[in-house]
Amino acid sequence: MMTNEREVEVTKHLTGTGEEHLAARMRLLEAEKQLTRRGDELARQRRELPWVAIEKEYVFDTPGGEKTLTELFDGRAQLLVYHFMFGPEWSEGCPLCSF
Numbered sequence: 001m002m003t004n005e006r007e008v009e010v011t012k013h014l015t016g017t018g019e020e021h022l023a024a025r026m027r028l029l030e031a032e033k034q035l036t037r038r039g040d041e042l043a044r045q046r047r048e049l050p051w052v053a054i055e056k057e058y059v060f061d062t063p064g065g066e067k068t069l070t071e072l073f074d075g076r077a078q079l080l081v082y083h084f085m086f087g088p089e090w091s092e093g094c095p096l097c098s099f
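In this note's numbering, the protein residues as written are 1 to 99.
Check the hints yourself; a few may be wrong.
Pairwise CB distance ranges (calculated) [stated by the list, open to error]:
{"id": "1", "residue 1": "T17", "residue 2": "L96", "range": "43 to 49 angstroms"}
{"id": "2", "residue 1": "W51", "residue 2": "H21", "range": "44 to 50 angstroms"}
{"id": "3", "residue 1": "E5", "residue 2": "T36", "range": "45 to 51 angstroms"}
{"id": "4", "residue 1": "K67", "residue 2": "H21", "range": "57 to 63 angstroms"}
{"id": "5", "residue 1": "V8", "residue 2": "R44", "range": "44 to 50 angstroms"}
Everything labelled a hint here was simulated from the structure, so no lab data went into it.
Everything numeric in this text was worked out from a predicted model, so none of it was measured.
In this text, a Cβ means the ideal position worked out from N, Cα and C, and glycines have one as well.
Using the sequences provided together with the hints, build the complete structure.
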């Protein structure tokens, strides 16, 4: 009978006291909170970017035929758009940006 022998390297972890763990965890928590606040600030700045009027008359292929951007809104204030990259010769959508 053959034995499958292999060496497994065990990850070495830093060990310490409960107090050390708590202090390190609290430092990490503060860094996480700072990251969240920075992300919130960036989102606020993004919302404050100036809007730009769309002057070109874009036309889109829809199940109901060609429609302009204005017609896609159909009197609504918001429009949900799914961007799905699909080339003419492709058998499926782009795996990097469509899934």
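Status of the hints after comparison with the structure:
As the Cβ distance of T17 to L96 is approximately 46 angstroms, the hint placing it in 43 to 49 angstroms holds. For W51 and H21, the hinted distance range of 44 to 50 angstroms is satisfied, since their beta carbons lie about 49 angstroms from each other. Against the hinted window of 45 to 51 angstroms, the Cβ-Cβ separation of E5 and T36 comes to about 48 angstroms, which satisfies the hint. The beta-carbon spacing between K67 and H21, approximately 59 angstroms, falls within the hinted interval of 57 to 63 angstroms.
Checking the proposed 44 to 50 angstroms range against V8 and R44 shows it holds: the Cβ atoms sit about 49 angstroms from each other.
In the structure shown, no violation is registered for any of the earlier numbered hints.
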